[in-house]
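There are 2 protein chains.
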Amino acid sequence: MTNDTKSKCAIAIDAMGGDFAPHNAVVGAIEAFHEAKDFDLYLVGKTDEIKDVISKNNLNFNSDFIVHADQVIDMHDHPTDTMKKKPNSSMAVGAKLVKTGKAHAFVSAGNTGAMVVNSIFGMGRIKGVSRPTLTAPLPNSNDGFTFLADVGAFVDSKPQHIFEFALLSSILLREIYGIKNPRVGLINVGEEDSKGYKLTSDTAKLLRESDLNFIGNVEGNDIFKGTADLIVCDGFIGNILLKFAESMPSFLKAAIKNYSNKSLANKLRVSPFGFPPTKRAFKESLSKADPDNVGGLPLLGVNGISIIGHGSSSTLAIKNMVLAARKMYNKNLIIKIKEELTRYAEKK
Amino acid sequence: MTNDTKSKCAIAIDAMGGDFAPHNAVVGAIEAFHEAKDFDLYLVGKTDEIKDVISKNNLNFNSDFIVHADQVIDMHDHPTDTMKKKPNSSMAVGAKLVKTGKAHAFVSAGNTGAMVVNSIFGMGRIKGVSRPTLTAPLPNSNDGFTFLADVGAFVDSKPQHIFEFALLSSILLREIYGIKNPRVGLINVGEEDSKGYKLTSDTAKLLRESDLNFIGNVEGNDIFKGTADLIVCDGFIGNILLKFAESMPSFLKAAIKNYSNKSLANKLRVSPFGFPPTKRAFKESLSKADPDNVGGLPLLGVNGISIIGHGSSSTLAIKNMVLAARKMYNKNLIIKIKEELTRYAEKK
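Residue numbers (the numbering used here), protein chains in the order written: chain A, 35 to 382; chain B, 35 to 382.
Derived by calculation from the structure, the hints in this document are not laboratory data.
Hints are not guaranteed to be accurate.
Any copy, or any two copies together, can satisfy a pair, since identical chains are not distinguished.
[Stated by the list, open to error] Straight-line C-alpha distance at most 20 Å; calculated SDA-like pairs for lysine to any residue:
no.: 1; residue 1: K192; residue 2: Y231
no.: 2; residue 1: K296; residue 2: T376
no.: 3; residue 1: K287; residue 2: A323
no.: 4; residue 1: K118; residue 2: N366
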C-alpha cells in the first residue's frame, strides 16, 4: 500500500480520558486537527459534555464527528473489569472505531491498564504477537533517547514476550525515529549471561539467535549513558524505571530549593540574578523526554495505532499524542510491523 | 552488653579491594584510624604491597597489624568460585578475622558479589536470617534518604527473604540513622495489592502481618518523593534502580553541556560568569548520597559488620566506610539485630 492509494488518516480521541477530561482531550485534539488539516478527527465520549467544551472554548468542529459513548472509565476501574462492566465506555467505543476501519488510530490519556485491555480486545493483536508492549523514550547523555520496553503493559513476561517487545520496538525506532539498526540491550545486573534471572539468560538466548542488533546485557547505568537505543525488560521493572525517571525533574527542583534554603551564600550561588539561570537549561534539556512532548506511549502489537498518555496530560500533550498517531499512520507503522512479523514467521 | 564492658573496636580492611588498591584502601583506612583513634585497624592483603604504600606515603602504622593474604580477588572473578579457587584471598582472610572474633568489622571496595559470598560463608549468617541484604541510601526531595533493599546481594528472592530485608534494614535505619519507626514501602507498579507479581502480593501479606511500619505498595516515583523511609524489593530490580540513580549526576552534566553547546545564548544562560553557578549547588545537594560519602553499603544479616564499597572508591570513600563500620560497632548494630530476630522467632 502506498500513500497515494491509502485512505485519509482518521484518528479517534478518547474525549473522556485523563484528569482534565473532557477539556484537555477535546481542546488538544482539535488543535492538532486544525494544525495538520489532513486527517479526520473523531471525538469519542459523552456528546453533551464534548459539545459544551467546544462551545465554551469557541472551537470550530463539525459535530458529525462526535461519536457518543455512554460510559466513562475512571482511574480506579480495574482494567480487565472494564470490558464487562463498561462495554460502552469511550475506550471500548474508540477501539471499536479502529477495529471496524472507521479510524486508524485511537488515543487516550485515561486509565493506562484499561486502555491496554480495551485496545487489545477491541482492536485485536497483530498475527504473531503474543503480548503487545508499551515503549517509552527516556533522555540520554548523547542528546538522544534510550527507549525502554515494556514499561507496564504486562508483568511476568516470558522470554518470547520480551523478545517480541524488542522486535516491535525496533520497528518503531527504525520507522518513526529513523534509527537504522537499533542497538538492543537486555536489562540485567551484570554483563555476563550467568548474572540475573533464568528469564534473563533465556531471553538473551532468543535475542542472540535473532537478526535484531542485540548488543547483550546492559545495566541500570546504561539507560542514561545511551549504550543501547532500546532496552528491553519485563513491564514490572520497566514501569518502575519509567516512573523513577519521570520523577527526576521534581526531585532536582526540590534538591536545589533545599540547597538554596540552607544559607544566603547558597541562595546567591543558585540565583545570582534572583532567578535560577539553569532552571531553563534543565527544563529544555529534559523537555524532549517530557511527557507533554513525547506524544504519549504507543502500545505496539495491536492491530491499529493505540497511544496512551499520562492522566495529567495537558492540551499540548494531547495535541502531540494526536500528531504522533498521525505520523505513525503516515509512516505506515502498522503495515511495517505486519510485514516484519510475516517475515519472522516464514523464517521459522 | 554495654559500651563499658565490650572490647575495643577492631576493623579489618581489604587492602587489595577496589580499582585503586592497595593505595586508596590503605591510605583511606589509615586516615580514619588516625582521626578516630579509638579502634584497632587490620590491613589485610599482600604484606609487601601494603608496606610499600605505607612507606611511599610516609604513613604512621604499626606493621604488626598487617595480616598477610596471598591471593587477590579481582572484578572478573565469579563470586561463588572465589571460595574454592581463592581460599586465601584478602576477602576470605578478612571475613575470617571477624569469624574468629579478632575483628568486629570487615570492609572492602572489591568485587561486590565476591564480598557478599565471602562475608556469608566467612562470617556466617545471624540466626533467623535466610538471606542477607545490601541496603543503600538514595537522596530524596525532603532533604533526607530513601533506603532501598536489596540492591543486589541476591536475585530471585522469595517473600520471606524480602520480608527479612525489611526487618534487617528497619533496624539499620532505627539504630544508625535515628529514624524511630521507619516507614516501609514495597515497590510495585500500582498501589493495589492486585497489581504486580504474585511475589509482590505475597510479600505485602507478610509485611502487613508483621509489626513493621508497612505503609503498603509504592511506585517508582515514590523513591525520590520520600513517601517511605525504606523501599524493599528483589535484588534484581534494586540493583538496576541503584545503578540508574547513581548515573544521574553524569547524565545531568551531559544534559547541561549538550544544552550549552547549542547556542551562545544557551551557554550564557548556563554560565553567566563563565562557570556554571549551579554545578556546586547540584554537587552539594547530591553529595550526601554520593558513593564517596555514604560510607559504603552494609551487608545486613551476616554475623558481623560487613561493608561493601564501589570499585572506584576514593581514599575519602574508604575512610568513610571504615568510620561507618566503627559507628555500627559503637551503636551495637549486630547485637540489636540478634535481639530483634530472637524476639521475632519467639513470637512465632
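Hints versus structure:
In the homo-oligomer, the alpha carbons of K192 and Y231 lie at most 20 Å apart both inside one protomer (11 Å) and across protomers (13 Å), since each shortest distance falls under that limit. For the identical chains of this complex, K296 and T376 are neighbours neither inside a copy (61 Å) nor across copies (43 Å), given an alpha-carbon limit of 20 Å. With identical chains, the CA atoms of K287 and A323 are at most 20 Å apart both within one copy (17 Å) and between copies (16 Å). In the homo-oligomer, the alpha carbons of K118 and N366 never lie at most 20 Å apart, since the shortest distance is 33 Å inside one protomer and 57 Å across protomers.
Hints 2, 4 from the earlier list are contradicted by this structure; the remaining hints agree with it.
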